Structure formats: C-alpha cells, structure tokens
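Chains as they are written, first to last, in our numbering: chain R, 1 to 242; chain X, 243 to 987.
There could be a bad hint or two in this list.
To be verified - So the derived list for chain X, only partly shown, Cβ under 7 Å to chain R, looks like this:
hint : residue
1    : 299
2    : 303
3    : 307
4    : 310
5    : 314
6    : 321
7    : 323
Hints were generated in silico from the structure; no laboratory data involved. Predicted model, so just to flag it, every value in this text is computed and none were measured. Just so you know, even glycine gets a beta-carbon here, dropped at the ideal spot from N, CA and C.
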Amino acid sequence: MGYYALLFIAGLAGSFHCIGMCGGFACALGGDPRGRSATAVRHALYNTGRLTTYCFLGGLAGGLGAAIYTCLGMRSQLGAPIVSESLVALQRGLAVIAGLLMIIMALQFFGLRGLRRVTTGFGGSTLATALRSLLGTRGHAAPLAFGVVNGFLPCPLVYAMVAQAASTFDVLSGCLTMAAFGLGTFPTMLLMGGLGRLLAPGWRQHGVRLAGSFILALGLVTLGRGIVPMTAHGLHHVWHFA
Amino acid sequence: MTPAPDGLCRHCLLPLGRRGFVRTVNGESCQFCCYGCCIAHQVKSGSGDASEAAWFLVRLGAGGFLSMNIMLFSLLVYSGAFTGADRQVLPTIQLLLWGLATPAVLILGEPFLRETWSQALRGRLSSSALIVLGSLAAYLYSTLAVFRLGGHLYFDTAAMVLMLFTLGRYLEAAGRARASRDLAPLLAAESESATVVEGVEEHRRPVREVRAGMLIRVRPGERIPVDGLIVEGCSHTDDSVISGESRQIAKTIGGSVLAGSINLDGPLLIRSSGSGDESRWAQICRSVRDALRQSSRTQRIADRVAGAFVPLVLALAGLTLAYWAQRLPLDQAMLAALSVLVVACPCAVGLAAPMAHSLGIGQLARHGCLVRSPGALEALAVTRLIAFDKTGTLTLGRPHLVDLAGDGVGEDEMLARLAGLERYSEHGLARAIALAARARGLEPIATEEVRVVPGRGLRGVVDGELVAAGTAALMHELGWQLPPALVERADVMAASGHSVVFIGWSDKACAGRARALLSFDDTPLPEARATIDALRALGVRVMLLTGDHGGAAARLAATVGVEDWQAGLAPDAKRIALDQCRPRHGAVAMVGDGLNDGPGLAWADVGIAVGSATDLARETADLVLPADGLWLLPWVVGRARAVRSTILANLAWAFGYNLIALTCAMLGLLQPILAAAVMAGSSVLVVLNSLRLERLPGPVYPSALQVAAAARATSEPQPREHAERARQRVETPRTWGESSGELRL
C-alpha cells in the first residue's frame with residue numbers, strides 16, 4: 001500500500017508541472033454557464049478521461065511486462081536459473097529508465113528548457129492542435145474526450161510512471177500504479193479548473209521548485225533502485241561469507 | 243469560401259477517387275475523398291458551428307474512452323485477475339463489457355457503416371465494408387456469448403479495430419492536408435471573394451463576379467483578388483504565388499498589382515483591370531486543378547487492382563473461416579477470418595500516388611513551374627533524351643543585327659518594311675529588327691494581313707502588294723527568285739554561324755523577288771552549359787533540334803556542350819527527328835519556346851516550354867518553366883524522378899505488405915487487433931513516405947563559377963552583360979516572366 005501512496009504523492013507533486021500544459025487546458029476548459037455543479041461535472045469528466053488513459057497505458061504496460069515475464073518464464077522451464085537474473089535485470093532497466101525520466105523532468109522544473117524538445121517534440125503539437133478544437137464544444141462527451149486525448153500528451157512523468165507500471169509485470173498492478181499516480185494529479189488539476197488564475201505567480205514558482213525537488217528525489221531513489229539492489233545483494237553475500 | 247473545384251476533395255485538394263462522398267458541412271455541400279478529410283475539414287473550418295466542427299474528436303475521444311475501458315477490463319480478464327475468489331464477478335464484468343462495447347461500436351462504426359451503405363447503393367463494394375463486416379461479426383458473436391452461449395468475448399477486438407481505423411484515417415487526412423499545403427494558395431483563386439466598393443457601400447462578392455473597372459478594397463494581410471492598378475494607398479506585396487519568388491515589392495498609387503499576391507502592410511484601393519477569372523492567378527489555378535484531376539496510368543492500374551481486391555478478400559475470409567472451423571473452435575476460426583478482413587483493407591493503395599503527385603506538382607508550382615498532368619511528371623521521370631530548340635531556349639533569344647545586304651534597295655527602306663512586318667511577332671528576331679529600326683530612327687511601314695508561316699517566316703500585305711521575310715525556302719515557296727549575289731552572301735554569313743533572313747516583296751512594276759538579306763547573331767544563355775552538364779549527370783542524353791541552319795547550330799552546340807544536333811528542321815521535321823529517337827531512347831522530351839516548336843512540343847512525350855513561350859507553345863506543353871527558368875530543368879527532372887520512385891515504393895509497400903499480412907492472417911498467425919494496428923500503420927507509413935518529398939532540397943542556381951566559365955567559353959563580345967545577368971539571377975532565382983511581363987497559360 002505504501003508503494004501506491006508514494007505514487008499518489010508523486011502524482012500530487014508532479015501535477016505542479018502540469019500547471020504548465022495540462023493546467024492550461026484545465027483552465028481553458030473553464031466553467032460551465034449552467035452553474036457550479038455543471039462546472040464540477042465538466043472537470044470531473046475531463047479528469048476521468050485523463051485517468052482512463054493513464055489506467056489504460058498502465059494496464060497495457062503491465063500486460064506487456066507480463067508477456068515478457070511469461071516469455072522468459074517459458075524459457076526457464078528448459079532449466080536455466082539465468083531467468084530470474086534476466087528478469088531482475090529487466091526490472092532494473094525499467095527502473096533506470098523511469099528514474100532518468102523523472103530526473104529530466106525535475107531538471108525541467110528548475111528551468112532547463114533545452115531538454116524540453118527531447119521529451120515533448122514527439123507529435124505533441126498535432127495532439128495539442130486537435131485538443132484546442134475540442135475546448136469550445138458543448139455537451140458532456142467533449143470534456144471526456146478532451147481528457148482522453150490529454151492523457152496521451154507526451155509527458156516525461158507519465159513515461160516514467162508507465163515504465164514503472166511495466167516493471168510490475170502484471171496488468172492489474174500496472175493499472176493500479178497509473179491509477180494511483182493519476183489520482184495524485186486530481187487535486188491540483190481540479191483546483192486549476194476552479195481557481196487556476198487566482199494563484200499568485202510567485203507562489204506557483206515556489207510550488208514548482210518544491211515539486212521539482214521532490215520529483216528529483218524520487219527519480220534518484222528509483223534510479224538507485226535500478227542500480228543499487230544488486231550491489232546490496234552482493235554486499236549481503238559478502239557479509240554472509242564473512 | 244465557395245465550393246472547391248469539382249473532382250477534388252474539399253479538405254486536402256486531392257482527387258476524390260473511389261472513396262469520395264458528399265456531405266453537408268455548415269449548410270454547404272462539400273465533396274471529400276475520405277471520411278478523415280471530412281472530419282479534418284470540419285475541425286479546421288467549423289469556427290462558426292463548433293459542435294459540428296469538433297464532433298469527430300468528441301467521437302474519437304468518447305470512443306477512445308469506451309475502447310480503453312473495454313481493453314483494460316479484457317486485459318484484466320485475460321491476465322487472470324478474476325479467478326479464484328473473484329470468479330463470481332466475472333458475469334458482471336462481461337455485462338459491463340457489453341454495456342461499454344455497444345455504444346463504442348455505434349459511435350465509431352457509424353461512419354464506416356454509412357460509407358459502406360452509400361457505396362452499396364451505387365452497387366459498389368467499398369473497403370470499409372471489410373471493416374464493418376469484421377467488427378460487427380466480433381461484436382455480435384460476443385453479444386451472443388454474453389447472453390446465450392458463454393465462452394470468450396471479443397468486444398475488445400471489435401472496439402479496437404474500429405478505433406485504430408478511425409485514428410488511421412484521421413492521421414491520413416492530416417497528412418493529405420499537409421501535402422496540399424503548397425497548392426492551397428494556387429487553388430484559392432476561384433473561391434476567393436473581393437470587397438467591392440460601390441459609392442459609399444462595400445460588398446463582399448465572389449471574384450468571378452468582379453468586372454473590369456470595379457473598385458476593390460484590399461486590407462493588409464489579405465490576398466489581392468484581381469489584377470489591377472492602385473488608386474489609393476501604398477503597401478508592400480508578396481507575389482510568390484505568381485512568381486514563385488517570396489520577396490517584398492513596394493507598391494504605390496498608379497502601380498499595378500497581381501491577383502494572388504498578398505497585400506502585406508497597408509490598405510489598398512484597386513481598380514480592377516479585368517474580370518476576376520481572367521487573371522494570371524485564375525489561369526494558374528485552372529491549370530493546376532486540371533493537372534490534379536487527372537490520374538496517371540500508374541494510379542489507374544492501382545485503383546483497378548484495389549477495386550478487385552475487396553470481393554477477393556471477402557472470398558478469402560470465407561475460405562479461411564471454412565478451413566479453420568473444421569480444425570479449431572468456431573470463435574478462433576472466426577478470429578482468423580476477421581484478421582483476414584481487417585488486414586486486407588487496401589487503403590494504402592489508394593493513397594500511394596495522389597499524395598506524391600500533389601506534393602510534386604505543388605512544389606514545382608511554388609517555383610513557378612506548372613505541370614499539365616501527373617502523367618507528364620511520371621513520363622519526365624523515365625525520359626532519357628531531351629531535345630532542345632535553339633533560339634530563346636539555349637540562347638538569350640535576343641539576337642542582334644550583325645550585317646545586312648541589299649540587292650538594289652536601300653537599307654532604310656528594307657528595315658522599315660521588315661519592322662512593319664515583324665511588328666506583331668513574338669519571334670526573337672522581330673525584337674532585333676525593331677531595335678535596329680529604332681536606332682536608325684525609322685518608322686515601321688504599316689502592314690496588313692500578317693501571317694506566320696511556321697518554321698519559315700512571315701508574310702503580309704503593304705498597299706495591296708505581298709511582302710515576306712524568312713528563309714530561302716519561303717522565297718522558293720512563293721516562287722520568288724533569289725539573286726545569286728544574295729545567295730552567295732548568305733552562304734558566307736551562314737557558314738560563320740549567323741541566322742540569315744531574306745526579305746522580298748512584289749510591287750506594281752515587277753513580280754516579287756528576294757531583295758535583301760540580314761544576318762543576326764544570338765547569345766547563348768550563360769547557364770545553358772551548366773544546365774546541360776547537370777542533365778547529362780542525371781543520365782539524360784541531350785540533343786539540339788533547330789530550324790536554323792547548320793553553322794549556327796554547330797557553333798551553339800560546341801559552346802554549350804551538346805554533341806548531337808540537327809539543323810534546318812521545319813516543325814514537321816522536328817517531329818520526324820523525335821520519332822527517330824524514340825526506338826533508341828524510349829520517352830523523349832522536347833524543350834522549346836517559339837511558335838514553330840508547337841508541333842514538336844505536342845509530339846514529344848513531354849513538351850517543356852520555357853520563358854516567354856507563346857500561347858500556342860503553352861497549350862501544347864506538358865510542363866511550363868518560368869521565363870529565365872531553363873536552369874530549373876535538372877531540378878525538375880530530379881523531382882519528377884523522386885515523385886515516381888516514391889509512388890513505386892508506396893505501391894510496392896502497400897501491395898507487398900498486404901500480401902504478406904494476408905498470408906499471415908489466413909494462416910491464423912495474426913491477431914485482429916494487431917492486424918488493424920499494422921493496417922492503419924501501413925496507411926500512415928505511405929503518407930509519411932510521401933511527405934518525405936517535402937524535405938528534398940529546392941533548386942540551386944548553377945554556381946557563379948560555372949556561369950562565368952560558360953560566359954568565357956562563348957566568343958560573345960558582351961561578357962559584361964553575361965556577368966550582370968548571372969548576378970541578377972543569383973539574386974532573383976525564381977521569376978515568372980518578369981522581364982517579358984508575359985504570362986499566359
């Protein structure tokens with residue numbers, strides 16, 4: 001449970017980054033002329049759409065991980081203990097990827113703009129253009145669709161989480177991983193919908209710094225998990241022998 | 243915007259093709275080549291009616307929401323999340339899947355169903371029938387399984403297949419629209435409207451209703467709708483649509499503006515100088531549209547094959563089902579058949595050629611080169627022999643008078659008569675004569691009934707007496723005598739490579755005879771040699787076919803580096819010369835400009851007109867290069883080859899891929915969702931491969947060094963003029979008849 005709580009917090013902290021892009025969309029989605037409850041429904045639908053995309057990506061990544069797992073598992077029946085090692089290596093590799101993405105992300109928080117092109121240049125503009133045309137549309141399906149497409153917008157934090165989900169080697173866990181992360185982004189995004197423009201820029205700047213530090217720490221921990229465990233394992237062996 | 247021209251898709255401006263249909267958007271009837279374009283058009287132009295505009299994305303998004311949920315739950319079921327203690331929730335999950343899949347299939351499948359139905363009413367079996375049949379089969383089977391039979395569910399297959407195809411079509415439409423980006427301003431001429439000022443009132447009117455003399459207001463940033471003169475205001479304009487050259491040109495009161503150019507920074511009031519559909523821009527627009535509407539042979543063959551494909555695939559799917567049903571459970575056999583249906587959708591085949599064509603035609607047009615048909619582009623790509631005309635093509639077309647000799651007539655009289663005769667001719671020699679006459683302060687003698695004798699010269703009537711100027715053959719044809727002194731003189735002049743013109747007339751006293759002789763010399767184009775070298779580097783043989791005599795041809799051939807030449811050819815003889823080359827070289831292209839090239843240009847597989855081509859030459863030419871645009875030819879050839887190889891690669895990919903994937907699907911090796919993904923991906927790949935054409939480099943003017951070398955190589959007495967000309971062209975590399983002020987299509 002602690003694992004999912006950590007992911008939830010990652011989402012919460014990371015969503016300060018979303019203020020830039022997704023928050024902008026949430027603001028743009030704006031209020032509903034029919035009143036507060038309608039506005040709330042509008043934003044709830046938008047976020048549900050986004051969450052669905054995240055869960056889907058998580059489930060897919062988990063399923064992919066599971067497929068690789070089964071593949072390697074089938075080969076293990078031929079009787080080689082290498083399998084568990086290669087699985088661990090895979091898991092570590094994914095952790096390294098996730099960690100690096102988080103660190104890149106965190107560095108962006110601190111204003112390293114050059115990296116932005118590396119992470120968001122991938123078809124983002126086409127999607128963003130498509131999104132814009134959805135904004136003015138009435139009805140409940142539009143904010144939902146908006147959220148769904150929004151979820152696919154390239155974002156290193158999402159990539160990191162997807163890598164994390166893949167390393168669970170299970171559809172359900174992958175899905176839950178992304179769900180926890182997605183739910184973590186809810187508070188900020190819902191707030192952005194309501195009072196996005198009320199937040200003072202200075203406060204936002206602090207928030208972004210804080211979030212950046214947290215993501216950086218999380219990224220380093222994840223990266224560490226990718227690199228360190230084996231060494232720790234080795235140390236354990238050393239101690240065992242000693 | 244008013245309706246797009248007939249036969250072209252409203253959104254991407256490509257030919258409608260087999261999937262074309264009509265839909266009412268914003269109360270207007272529009273034609274679209276595919277569903278994706280219809281949607282993309284609505285998204286783009288639907289600012290007035292937002293709900294209509296974004297309906298597709300809502301559809302895609304809501305469909306995506308449902309499909310992703312279906313996929314997620316299906317994945318959970320497959321991964322065994324609902325086994326053991328959670329087993330009792332399984333029926334609920336199945337019901338939930340059905341509840342999600344029903345709207346998903348309705349939302350995403352409706353356009354495909356509609357297309358199938360409208361094609362079926364016309365007695366055609368469209369490729370969307372395959373998609374509809376496949377996804378409906380999966381959906382109905384699974385519905386039965388939920389409520390009656392039990393067993394595996396394939397809602398995920400049905401939903402994801404539809405989702406992927408919808409997405410593929412949207413991406414395809416986006417790619418098509420991007421491919422036609424270069425063409426859009428060229429094709430906008432007829433759909434543009436103008437702000438007509440009448441007294442104090444201003445009305446928006448379609449351009450075709452604008453007549454000469456009307457006052458038109460053009461705001462900054464707008465496109466100038468008609469040719470005209472500026473009455474009020476001053477501004478800069480960008481004439482790139484017409485001249486192919488993006489450059490700001492200052493305009494002020496009294497200045498002329500061209501339809502199609504963009505008014506950059508100041509409001510202008512213009513008096514229209516002609517009706518809206520007669521402007522250069524409208525003419526270019528008509529020519530480009532006609533080019534796009536035609537399909538090349540390659541595309542026609544591909545379309546026919548794709549048309550035969552659909553029934554074939556249905557049959558194969560039936561066979562697959564029958565075969566596997568005997569060996570596997572029914573649902574797995576069905577899955578295999580479904581993969582066959584989905585993977586065989588020949589969408590990419592229909593895309594293979596039109597996109598590459600429109601990209602090619604659009605880019606050439608942007609540099610001032612107009613193509614009459616996609617077929618011409620493909621023919622140029624396989625051409626291995628290009629024949630050039632001499633005057634005005636490889637030379638400046640500005641000959642100057644070198645020498646003149648009379649037989650019993652004064653030089654002034656003969657020049658004045660000649661100037662009168664040649665007054666309305668566009669031939670290069672006419673200008674030289676006019677210049678020489680003006681230099682001597684002579685008034686041209688009024689001449690009536692001037693007629694062109696193609697390849698021979700001109701004839702006319704002065705005071706009821708015949709006067710003629712041209713080759714010795716013309717004099718013979720008229721039965722006029724050639725004085726031996728003149729013939730002898732002519733031989734000397736011709737031997738030194740000059741063009742010789744006889745002039746003769748009849749008068750009351752005596753019958754007509756040749757009375758004088760003039761010799762002219764022409765300057766080779768500074769870039770001619772570099773152009774010919776570049777063509778040769780492309781593996782194209784070059785030859786010179788001229789109506790001029792041998793001496794001039796030989797001298798020019800040596801200067802520009804052509805080994806093969808034939809001189810003294812009448813227009814018909816050029817045709818015969820081209821015919822003789824065909825067996826050895828296959829397709830033959832002919833480059834020319836003058837009146838006497840018309841038949842040659844028409845006869846060649848690809849007729850290319852350069853520069854101040856006369857109307858007739860342009861009518862018969864398949865490709866028109868801008869004035870001073872000979873140097874573009876190697877680039878055009880390269881571009882034509884790139885277009886052709888792109889099309890061939892697209893077709894090879896589309897067909898080859900279909901065959902391989904079809905085989906895999908029939909063997910039961912391909913999951914339907916994967917099949918749909920790779921199929922949609924195949925269309926996108928074809929689009930991306932075609933868009934690669936966009937990235938090819940633009941034309942480069944032969945470097946100053948090469949041109950200078952060419953200038954040195956010529957023995958002309960005006961090196962300064964050469965260098966000047968070369969320099970000007972480096973600065974203004976693309977011009978549409980700027981110097982001649984002439985552009986008719």
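Against the structure, the hints:
no.: 1; hint: 299; in the structure: holds (5 Å)
no.: 2; hint: 303; in the structure: holds (2 Å)
no.: 3; hint: 307; in the structure: holds (5 Å)
no.: 4; hint: 310; in the structure: holds (4 Å)
no.: 5; hint: 314; in the structure: holds (5 Å)
no.: 6; hint: 321; in the structure: holds (4 Å)
no.: 7; hint: 323; in the structure: holds (5 Å)
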